[in-house]
Structure formats: C-alpha cells, structure tokens
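Could you build the full structure based on these sequences and the hints that come with them?
Protein chains: 4
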Amino acid sequence: MSPPSTAMPTSPHLIADSQSDPATSAVIDAVIDAALHQLNHRSREKLGDRYRRLRRQSLVIAEPLSPEDCCVQAMPDASPVKWHLAHTTWFFETFLLERFESGFKPFHPQFRMLFNSYYEGVGERFPRPQRGMLTRPALAEVLAYREQVDQRMLLLIDALDANGASTSAVAAGGGDAQPQLAQFLSLLELGMQHEQQHQELMLTDIKMLLSLNPLQPAYQPLPESVPLDDPAELALQWHRIEAGVVEIGHAGPGFCFDNETPRHRQFVEAYQCASRLVNNAEYLDFIQAGGYQDPSLWLAEGWDWKEQLALRHPLYWRRDAQGQWSEFTEYGVQALQPHRAAVHLSYYEADAYARWAGARLLTEAEWEHAAAHLQGGGREFFGVAWQWTSSSYAPYPGFVAAAGAVGEYNGKFMVNQYVLRGSSSATPLNHARLSYRNFFPATARWQVSGIRLARQG
Amino acid sequence: MSPPSTAMPTSPHLIADSQSDPATSAVIDAVIDAALHQLNHRSREKLGDRYRRLRRQSLVIAEPLSPEDCCVQAMPDASPVKWHLAHTTWFFETFLLERFESGFKPFHPQFRMLFNSYYEGVGERFPRPQRGMLTRPALAEVLAYREQVDQRMLLLIDALDANGASTSAVAAGGGDAQPQLAQFLSLLELGMQHEQQHQELMLTDIKMLLSLNPLQPAYQPLPESVPLDDPAELALQWHRIEAGVVEIGHAGPGFCFDNETPRHRQFVEAYQCASRLVNNAEYLDFIQAGGYQDPSLWLAEGWDWKEQLALRHPLYWRRDAQGQWSEFTEYGVQALQPHRAAVHLSYYEADAYARWAGARLLTEAEWEHAAAHLQGGGREFFGVAWQWTSSSYAPYPGFVAAAGAVGEYNGKFMVNQYVLRGSSSATPLNHARLSYRNFFPATARWQVSGIRLARQG
Amino acid sequence: MSPPSTAMPTSPHLIADSQSDPATSAVIDAVIDAALHQLNHRSREKLGDRYRRLRRQSLVIAEPLSPEDCCVQAMPDASPVKWHLAHTTWFFETFLLERFESGFKPFHPQFRMLFNSYYEGVGERFPRPQRGMLTRPALAEVLAYREQVDQRMLLLIDALDANGASTSAVAAGGGDAQPQLAQFLSLLELGMQHEQQHQELMLTDIKMLLSLNPLQPAYQPLPESVPLDDPAELALQWHRIEAGVVEIGHAGPGFCFDNETPRHRQFVEAYQCASRLVNNAEYLDFIQAGGYQDPSLWLAEGWDWKEQLALRHPLYWRRDAQGQWSEFTEYGVQALQPHRAAVHLSYYEADAYARWAGARLLTEAEWEHAAAHLQGGGREFFGVAWQWTSSSYAPYPGFVAAAGAVGEYNGKFMVNQYVLRGSSSATPLNHARLSYRNFFPATARWQVSGIRLARQG
Amino acid sequence: MSPPSTAMPTSPHLIADSQSDPATSAVIDAVIDAALHQLNHRSREKLGDRYRRLRRQSLVIAEPLSPEDCCVQAMPDASPVKWHLAHTTWFFETFLLERFESGFKPFHPQFRMLFNSYYEGVGERFPRPQRGMLTRPALAEVLAYREQVDQRMLLLIDALDANGASTSAVAAGGGDAQPQLAQFLSLLELGMQHEQQHQELMLTDIKMLLSLNPLQPAYQPLPESVPLDDPAELALQWHRIEAGVVEIGHAGPGFCFDNETPRHRQFVEAYQCASRLVNNAEYLDFIQAGGYQDPSLWLAEGWDWKEQLALRHPLYWRRDAQGQWSEFTEYGVQALQPHRAAVHLSYYEADAYARWAGARLLTEAEWEHAAAHLQGGGREFFGVAWQWTSSSYAPYPGFVAAAGAVGEYNGKFMVNQYVLRGSSSATPLNHARLSYRNFFPATARWQVSGIRLARQG
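Chains as they are written, first to last, in full-length UniProt numbering: chain A, 1 to 457; chain B, 1 to 457; chain C, 1 to 457; chain D, 1 to 457.
Derived by calculation from the structure, the hints in this document are not laboratory data. Fair warning: this is a prediction, and the values are worked out from it, not measured in the lab. Keep in mind that the hints are not guaranteed to be accurate.
[Said to hold, decoys possible] When the alpha-carbon atoms are kept at most 25 Å apart in a straight line, the in silico SDA-like pairs for lysine to any residue are as follows:
hint	chain 1	residue 1	chain 2	residue 2
1	D	Lys306	C	Glu301
2	B	Lys306	A	Pro129
3	D	Lys306	B	Leu309
4	B	Lys306	D	Glu307
5	A	Lys306	B	Pro129
6	D	Lys306	C	Thr443
7	B	Lys306	C	Gln130
8	D	Lys105	D	Asn116
9	D	Lys306	A	Phe126
10	A	Lys46	A	Pro179
11	C	Lys306	B	Phe126
12	C	Lys306	D	Arg125
13	C	Lys306	D	Pro129
14	C	Lys306	D	Ala394
15	B	Lys306	A	Trp305
16	C	Lys306	A	Gln308
17	B	Lys306	A	Pro127
18	D	Lys306	A	Pro127
See the structure below:
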C-alpha cells in the first residue's frame, strides 16, 4: 500500500504579481512522512551529489550572462537573475542552516530582508518591483554567498550520507533524532524543488530582459547540430475520451505541492483532446485571418486589454518591413519556425485562438485525465510549453489550509488566475508531473505558454 | 416527455464592467421552441396584462425619484435610472417593433445609439462611463418614449391575444406565419426578462447614488408595519449532503439564459451547507476580531485591493463617533440590525469571512444541488441576498457559442468573474430559479450580495 | 489724491483644478477702505437694485436649463450649475447673514458643508469631483434657498438704503457702527463680484456638459437678428510700443482682487502688439498646414499632452465626413465662422500657433500696458475672449499674503498656471478691468480663451 | 569692444522629464563667432590637454562604481551612468568625427540610436524610461567606445594644436578652411560643456540609485581630513539692493547657452537678499514647527503632491526610532550636519519654507543682479547648491528660436519649470557663471537644490 501523498505549499515563485514564496517552519510537519519515505527509498549516499548538481544548474543558467544582465529587472513581474540566485540560497540558509547548523551565523545580516519574498513569517521584505535597484551586493558577492552556503550545507548533507541512520551530525541539539532527520530531509527537498522553480523563472525573466534591448542579444549561440524546426511533425489528431468519474490530483509517494491535493473525484463529460500543441503556422493563420481584429473571438476583458496595449501577435514575434515574421528566441532573432509550438501567449490569446479554430481549451481535469491515460501522453504533454486550461485556479474539494504561516500560502493566490498544465522547454528535468498546477493571470505572456485544443466529445 | 430547455444569451445587464447586453436577431432562432411551448401552455389572453404589469413595475421603482436622481451615474459600473428606463424600451423598439410593426418609424433616430449597450451587432454605441452626461433627453421625454412604445407593443400583443392562433396581426409581411409568431413571442419573453434584470440594477444603482450624498436621503420612507430585524431567526445549522454525481443546469420547459445550459453531470464530494446566510451580528464579530487587519485571512489580491481602498467594513455600514454601527438602506440610515443578512459584500470579503469562520464558500454545483434537494430550500435560498460561490464564471461542458452577434455574448464575460446564486431582496418576483447564474468581479460590492457557508462533509 | 487700491483675495472660482474660494472674515479688514469709498461715491439707494439685478442674472443664465442639466458635472474641473447657484448663495448666508442678521438661523444645517469650497476656514467641505452626485437638494430647493436668502439680504440692504448713515438696522449688536457698516458693504461687494465670476463659469461649464451629449443640444436658440460672423472685420495690424519703465497693477479707487496689487514698475523692451485676436480662418490655416503634426512648433510638454489625447483641433470644433468644419456653440452646432476669434484654446495651442505664425504671446505687462495706452484698447481688448499671456501666474513684487485664512489664498495657486488677460463674451458686464488677472493651467480649454499675437519691437 | 555673446542651445541634460539634448548641425553657425574668439584668445596648444582632462573626469566619477551600478536607472528622470558615458561620447562621434574625420566609420552602427537623446534631428531614439534595460553593450564596451573616440578626436585636436592656424589636418575636404576650423572648435566647445552637464547628472543620478538600496552604500569613503560640518558659518545677513533698471543675461565673450541671451533690461524693485543658503538646522526647525502639516504654508498644488507622496522631510533625510536625524550622502548615511545647506529640496518645499520664514524666494533677475554686485558674491552664490528662484523658465525678451533642428530646442521646455541659479557641489569647476539658467519642474528633488531667501526692500 502506497504512503500518502505529501503536500507542500504552493509554489510561490511561479506567482507573477505577488511577492510570496513557499515554505516556512510550518511546512516541516506537513512533509515529514514524505521525507521519511524518500529516506528509505532513495539511496542516501547520492543526496550530496543531487544537491551539488541541482545548485550548479542555476550557475549554468547564469553562465552566459554579465553582471549587468543579472542585475536588471525587466518588469515588476520578473526578478533579476542575481536575485533568484541569492533568494534560493537564502532559502537554504534560513530554513536549514539556521535550524540545523551548530553555531549558525548569517552570511550577511541584511540578506534576510533583501532576499526574502515572504509575507510575514520571516520578517521584513524588500519590495518586489524594486529588486532591480539592488546593484549591491554585486554578483560576485552573491556567488560567494552561494559558495559558502553550499559548503556548509554539504557538510550537513555529507555527514548524513556518511552516517546513514545516525542523525547526530544533523541534529544540532540532539534529542529526538528521527523527526529532526525527517525535518531536515523534507526541507532540503523543498529547497531543491523551490530552486528548480526559480531556474525556470531565471530563463523566462532573462529572455524578457534581453528582448527589450534593441541589439536583440542572444542568450546563447545557436547550436549547429540542432534544427530549429521539426518539419516531420505529425498532423494534429483528436483523441476521444469517454465520459465518466475520474480521479484527479497527486497520487503516490513522490513530492508534490499542496495545491495538488487531495486526490479527488470529478465527473468529466466525453471530450476530444488535440494530439499536439498549436504551432506557429497555425497561429499565423489566425493572425492573417484577422483574429486580432475580430471582437467576436475574444473575451471582453481580453479584447479591452489587447486594444489598450495594441497587441497584434505573440510577445516575441516581430514582423519586418517586408512582412517577414521572425521570433526573438534564446538564440537571438530567428525566422519563425512553422512547426514549432506557438508560445508566449496569454490566456486571452489562447482562448481567442481556440474559439477561432472552432474548439476550446481543456479543463484541468480533462488535461490530467488525458495526459494520464492517452498512450504516449508523457511525450506529447510535457517539455514543450505550459498549456493554458480553462480552469481558474481554485482549491480542490477538501483542501484545507495549514495553520500558521503556511496558511498564508495555500489559498492565497486562488483567485483571478488560470491553471497551466504540463511543462515547458524551460522547466528543469524531473520537475514535471501529471498533477502539477502552474498558474498565472490571464494577461501573462512571458512564460513559455501555449495552446492545446479540445472539443466536445 | 418534457420539451428541451431553452437557452437565451447571458444576461448582460448583470455585467458590471462591460457594456454589453443580451439578445440580437440571432437570438431568435434559439428561443423559438421555448416560445412555442409557452404559447401552448400559458393562457394567451394574459400576455398583454403581464407586459403591462411588468413595464409598470419599472415606473414604480422610479416613482420616488426626481429627474435629477434619475439622471446621474453613481460610478462607471452603474447606470442612471433614466438610462435603464430608456434602454429597456429601446430593446422592445429595436427587436420587436422594428421587425413586426407595419410602417415602423423610430421614436427618435438617435435613441438607437444613445440607449444601445451592444458591441457591434446593432451599430454605434454611447460609451458606458458617459451615460450620466445625458441630461437630454429629459426624464419626461423618456417616459413619453416608454408610453408610445408600450402603446404600439400592446397593439401587437392584444391583437395576438384576440386572434389566438391567427398570426396575421403579428407578422408584418405574412407568409410563414407560425415561425414569425414564435419569434415574436420569444423576443417578447426575452425583452421582459431583460427588463426584470434592469429592475434589480435600478434599485442597486440608485442606492449607490443616494449613499454618496452627505444628506443620506432615503429612497422611500420606512414602512411602519414591517420590522427591520427578525430576532426570531433560527441558529445556523449545517445540512450534510452525500457525495455523488449530480445534475446541474436548467431543466424543464421554462425560460432560461444560455449560460444555464446544457444540463450536465458533476461529481460532488460530500459537503455541508449552512442553513442560512451570515448575519450582521456574525459579520460584526469578524470585524471586531480584527478580520480586516489579518492578511492570513485574505486572498493576496483581495488584501491589496482592500488596503488600497482602506476598507474596514461592508459598503453601506457606517460607524459613528461613539462606535455605534448603522447601515445605509433604502429607508435611509438605520441602526444595524443584528439578525439581518450581511449584504453588499465583495467576493474577497465573503471569502475572508469564511476562512475566519473555519469554513468556505460553496461551489455553484454544491449550491444548486443543495437548493434543489434540501427541504425548504426554496425558502432559505432565495429572496434575501445573492450568494457568492467559489466558482469562477465558466462555460458548462458542451456549451457552444451561437454563430453571429449572439456569439459575441455567450462566452464573452467568462473570465475573472465569480458566480452568485439565489436571488436578492431586489430581484423581481418570478425572476429567480435554481439554475440562474449571476456573476460579478470579485471586487463588486454594490449588489445585494452575501455569504452562505460550506464545509467539507 | 486717489485713495489706496483695495486688495481682495484672488478669485477662487477661476481656479480650475482646486477647490478654494475667496473671502473669509479676514477679508473684512482688507476691504474696509474701499467699501467706505464706494459708500461715499455710489448712490446708496441703488444698492438693493444692483443686488437684485445681479442675483437675477444667475437665474437668467440657468433659465434655459432643465433640473437634470443643472445637476450634472461635466468633468472634475467644472461644477454643476445647481452647485454654482447654491454656492454663491451660501456665500451671502455665511459671510453676511450669519454676521449681521439678528437671530440668524441657517436655511439648512448641512448646506454649510455641501456648498463650501474653502480649505479650512469655514469647516468641512464636500469634495469637488463629487459635486455632480448631489441630486439632492433638488434644483427647486436651491431656488427656494436663493429666494429666502435674497429676501433676508434685501431686508438688510434696504434698511441701509433707507436709513443712510444709520447703521442700527445693519449692526446686530450695535456699538461701533461705522466699521460694521463698512464691513457689511465690503463683504457685499465681494459677494457680488464672486457671483459674477461664477456666472462666467456657469456658462462655460454648461457648454462643456452639453457638448458631451451626442444630441448636441443648443443652450439657447440662435437669435435671428444677430449675425454669427462679422465679415467686416479689419485686417490684423501691428501696434508698436516703445521700450521703457511702465506701471502695472491696479490703480484707483475701484474694486480689485489682491493679486492685482501692488501697482509696481516693470521694464518693457520695445514690442509690437496685434490689433485683434487670431480668427478661425487663421487658426484653420495652422491646422491645414499641419500645425498639430509638427513637433518643432510645440512646447515639449504640450506635444506629449496633445499626442496622448490625440487632439487635432480646438475643443468644440468638429469636422464632418465631407471635411466641412463646424463648431459647437451656445446655439448648437454651427458652421465655422471664419472671422470670429478662435476660442477654447489651451495655452499650448496658443503658444504653438504663435510660433507657427512667426510671432509670440504677449507678457502680461505688455498686454496691460498696450491695453491701457493704445487708442481704442478698450474696444479691442475686452469682451471677445480671454487672451493667454506667456506670463506664469506669480506674485507681484511686494505682494504680501494676508494673515489668517485669507493667507490660504493669495499665493496658493501661483505655480504652473498661466495668466489670461482681458475678458470674454461670457464675462458679465462691468466685471472686466485692465489689471484683472485670470489664470488657468496650460491645458485648460473649456474657458473662452484665445490668442493675441506679439512680436519684438 | 567686446565680441558678441555666443548663444548655444539650452542645456538638455538638465531637463528632467524629457529626452532632448543640445546641439545639432544647426548649432554650428550660431557658435562660430564665439569659437573664433576663443581660438584667438586661448592658447591652442592646451586644447588637447583640456579635452583629455575633461573626458578623464567622467571616468573619475564612474571609478567607484561597479558595472551593475553603472547600468541601472534609478527612476525615469534619471539615466544610468553607463548611458551618460556613452551618450557624451556619441556626441563627439556624431557631431565631430562624422563631419571632420576622413573615412569616418561608426564604432557601432546601432549606438546612434541607443545613445541619441534628440527629438528628430538625428534619427531614431531609444525611449528614456527604458535606458536602464540596456545591459548590453557592457560597461567595458562603452569604455572601449570612449577610448577609441578619444584617440580619434585627439588626432584631430593635436593636429590642430600642432599646425596652429593651418586647418588642413582638420578639414576633411579642404576648401574654405577658416570657417571649418571655427565650426570644429565651436562644436568641440559645445561637446565639452555638454559633457560637464552630464558629469553633474552622473553624480545626482547615482546618488539616487544608491539611496534606494537598503544597504545604503557610500559612493566613496569619507575623507578623514575634511570636516562634514562647518560650525564657523556666519549668521544669516540681509543685503539690501536698491530699485532700478538692471541688465540681465550673458555678457562678454565667453561661452553661454542660448537661453541666457539676449542681455536685456529689467526693472527690479528694492529688495533684500540673504547672505547664505538656509541650513539644515533652520530647515529642521521648519519641520519641527509642523511645516509639513500646515496647508497655509504651501502652494495648493505642492500640498496635494506632498500629501500624495506622504513627504515629511527632504529627499535624503532619515529619522531613526530614537528621533535622531541623519542624511544619506555620497559618504553613506551621516548624522545631519546643522550648518550645512539644506539640499535636495523641491520648489514646493523651498517656497513653503520661505513663507514660513516670513520671506520669499528671489526672482532670477534679483538673483543675478545680487550675485553680480554684492561683494563676495562669487563665494557665496556658487558651489554649494542650486538655488530655486520664483521665476518660471521663460524666454528672455527678444529671444528668437533658431531655424531648423535647433529650433526644436530653444523654447521647448519653457513651460511649467522653475529656474535655479548658481551652481552646486556637484557642478564641475569652471562650469558655473552668473547668467547660467538651470531649470527643473517644481517637484524635482534629486538635484542638489537649496534655498536662498529674499524679502521686500
């Protein structure tokens, strides 16, 4: 019999227009069981390696960037890369070192405030729209911060790996060892999941920043071997799914955030689900058919928003004087690739396209059910772009907000946001799962977000 | 076997921050069947009487008001009473007289633009936030407009009543008579439903306007015989409902709007439903317990909104220098009545109160199921205040937007709004039903909106 | 030897974006000398007649308007006509009746707050942008308010006229009679000047309101006998004025506001002054020459403002589909009259036109000097349109703000406003003078404001 | 007989809320005479040295800053230091190298757009509020840009120095040599004056940026030898100046901007002028006397602005929990120095303080006349802080805007700005003069601006 699903607080760094972040001490109890499960089933000696690899990945992402690139904030919803690098480190320092390290001393007394994104639980907080003003500490100092915290973290982790079941090296105060071990492990897991979320945001935030520069700099050079387009892509097909009661939400022993629980039943009427995402050629058809000029295709609120900003195409598309379309990508400006998925779309654009195409978006229950049960779902549903669903972000039935600071989190963003499912080309490997609920306001465009169509069965 | 449910376009006058309105020629086909059903089952000789009575009711609402009261627009989301009076008349003139009256001539050529609330279907439109600038036409002229249109409408209706199955008096051009009759009847039904929606808005809009006046004028004198409060109100009880697949949406032959269709299945986990709405005494407890100062109780977006507006109590509550609470009502300022339902609450306030009370709001499926099946549901669920649900306003599975102008309507507002169920003290009699879906943004407070609590089963 | 000039506080009702108003008890002392002067030189028996005639003029202005017209506020800078009618009455009630009438009782206890436009001196104040919300009191009640206050005022004035030097009827408390008489007379003068200022605003505010109505209603019918245009208008001529020290500011015994004092010296280099205002034909040339599209003609701030509002012509000009120009006037929409002065222009437009014409605006010293010394200046400089000068509104050298509430006034608006000189077609007769300083922000267009050109001598 | 004054376009980098900048090709003719004058009177062999020293000074200013510090834009009115460094270089490249260098090739083709601040004359322009987004080019690349342009400039200048009257090395195309020489020299002078203006802005912009950082970093370490305060400062004295006609504006052969011309006459009534600026102790008295809470002291517009931003003290003052005042300076946070001039004040604050002190601000004519004629004026009037005058920024009588692109400049900002006179501690040596007219909107606080009082004579 499988252990119960482990609920962790909703990912805050995926929240565009707020300043919250997951995890506080109250999280600890909630994740103990899952951590213990992992302790038993994952070979402990690899924990340090996993931590090293994951932390190094953030540096790999920042590698092509200058200190200036890492410092500037492209817009209030985005954060500077330097801030991401420091904030994820702050998490380990605050929630692990401060609790489990003997003789803990902070790296810098003011970093607690500068790199905190929490509401109240952990003290004062620097205002999010001002993050780009932090030219100090310099990037070099933030890298030193990471280095030092990692060394101290690895002392704890390696001792744990070395001593196996013995928790003496972990628990600063001794005493009831096993719960402390579990607590440490669960917070460590949370910190790593948290950093992965920020890794995706680093990529989308820096893309936004570079796109604002008239020089249109590439984040990295175009690799010679990898083709940009994939002309072999199959024609769009419709999978039909029968009506019935389905189970939705996280199942099994692995990690999940609390908004994925509890697993529960929903009735889904028969529907059809597209076999792939809408591609650039198809989205261009929509544009050329006057899709951005026809109010009957748009939600009223979306139409007003689009008109006010005079939008006529996806965020990173450009059209030159000769009418040729190109797209700003991580490789700089590239000709529009017709078979690649159309991305960086708002909910309003996704909804309008679907209406134009005589279709609609999936609900999140439909999405999860299809992804779970269609053959080859794993390949088709993940790794290209987050997929807007028509479901507003709301608690699952039976969802209960935890007491304390963590209660600040769980329901906090469940209004006027829409759920995206799957994962994108910017999502770290091993960070996607069937029940993952990403969410953004209907106006968000800077994430790698696309369209999977549905229609009634 | 019961005839199919009849879908009409979503009520537009219940849409706070937009300018749309229901019904265009495309509606016609959609409602023919229902109209024919009514033609057969309702005694036709009463149609003229019903029209007269319903139209007169709008004048009864405007009766206590001066021409100045009727002209001013309290805020962009509201409309002047004079505009409501003219717009509902414009509906009959445009969609019935213009189509069915021989030798039709408009009352005034520019009223088509002044009192149109549609997007594109019916030509130019006067901007909603400017409606209060229309000091001309004067109220007297609008009343004359109503009078003339009513006389012409009644000529058509009375002929219909007199001639029974004969449609010669109705169909201007003759020919295929029965469809024309059905069309006329269905548009007439729609026009009357439409006017009833505006009757509720007239009451809430004028209340808002009078509340802004430091003289705090009463809309009408306090009736001596009716007690303001009802101390006999029972204690709040919890009804438990079992989990299962339920059917939701309009059923049966009567009128409904299209957003109430199609009737479909949903799975509802076991839940409990409060026997009555939260009352003023209970809401005051929330205030006095510091509910408006505790961010952990609020949705993040609601907290920011509330802080920016410095809200500390419901819209019409006032607190005097001695700390005594009163409420601005249709009878002027009255002492707060502890047993009356707390009303004029935003979604954010309703949600925060529920969290404080250790409960939550109902989903709309839970609401509809409970109201349909609990004993005495009809008494308890209607006529006091609209009840916020936690359901965002979204299409039912299988909902298909009609082609043409009506397609402008159906899905148009289904984003960033929340569904309210039931009906309020301002809702016209016979305008409420189990499947009715009212909807407003989470910030709306000027409607008669309250709280019914739920909790997990 | 001439008596000293009498300073009264700056006219507040000419202040577009604020809520202040002249006169408080502190004014009293400042105007005593002037009042005594008038007492001696004006035949006292006509005072009641003058008061009656002047007060009646406000009703004449409101005569063509419905209660609805009088209630609505066209924009935050404007006030409803009903408010003007009540506020000018409030002035007499508050500053004269309350001080000089035995057994004074206010007409309505809350009118003090509703119709007060002062900062602090006279208690609470109703926010200016909300004035249009005051559907109560009704226009009829405001007219009754005027009627009652006038009767009571005339009791005092007529007693004064009848008794001559005796002040017993005036001074409620007896005692030092002559100062009280002077005080009464000076406040009476101020109240009447104040009402005249509001009479001009009533005309400009109602014009703005009617212009917003798609019906484009006329304020009054076009008189048959009066030609709209005056083709006999002479060609523009340039008057040359020599350099020298000139005296500027109010001189002589008559009434003036304090911003017109002290009379002082300025050095004016030689300049030329246009003999008449720029007319519609000339301004149309500017438009047709692309004046609104050429940034080199505009102040940078004016260009940005104009672009944001997409302005392409004066406030009340309209251009039909055939390219014909018309103008919304008090007589409704009329064909553009080429020889009439171009009016309803902002400072930015006046400045841009002058630059395009190879000229500039006058400074206020140049204007006053030219108007005083050119033959026929009186005819040419007054009664058509206020004339923008290039002078920012600033204190004259030696201007000293009075102590107390009146000190709230004098310098209060002397920043980011520009002085207009002369008077307009909407200015009451006998309300214009050489030293009068009107002032508005550079964006103001709803006043009757035009252009008189200058160039270097 | 002295040569005529040389008018150059108004300093653009002193313009806070616009994006313009001085000098275009049209400037050339305007400054030829002055340049020739300088050619004759300044020893030519020092020109290269002067250029080197002046350009090096910009690098000295940037020296204490990291690449991140140089990249970020503190607010829309400010520019990043990197942008200043590039823009001043762009000036020399565009207006000198491009015209006078044989075989000119731009350093980078897109820098023309990125670092252009002109309206139209020189092509496309990057929007000012986005300047902080330019993480590319990196600071290092901008420094290389400076280095290369300087080498090329010095080739031209050194050849000129070496060859004396011979212009063959300067004039690319030969021909009429003397005018080309003059043109080169005048543009060189303009470019150096322009860079000096930006040097002051670099200091004020970086101060603003560092002040926003909670770490409150010092721009440079506090020098041990220099005392922060100067307790020996004398008591404030009043200098009395007689009434009379005075001459105002630039006189003599040196460089000036065109807004300082023509020299002209003004009549000044007798007045008194304070011997020094208001100091921190005096300004603190104003604060502690409730100056920020008393509306009677403030211009109405200033009061509203201050209330909206909740301002209670100068921009860089801080008050700790114990009530101790400190000030953020270039040396980090320092205890408030009572005898230092109060700086970083808006016009509104300066005006309110003066009113509270029973005084007023000087007009710019009064200021210039006093500075020119008071003994020791040079010491007292310059080098501490710019001094707000009560004069709005307006053209001098006879000021004529030049034709062409330069005409875009001259009058362009002469509205809703106030003139500051003198110079500040951030002004480069040799960049101040009696007739210099600095100007900013009444809200500007980030410049080193203070208060010199005046009162009537």
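Please list, smallest to largest, the hint numbers that this structure does not respect.
none
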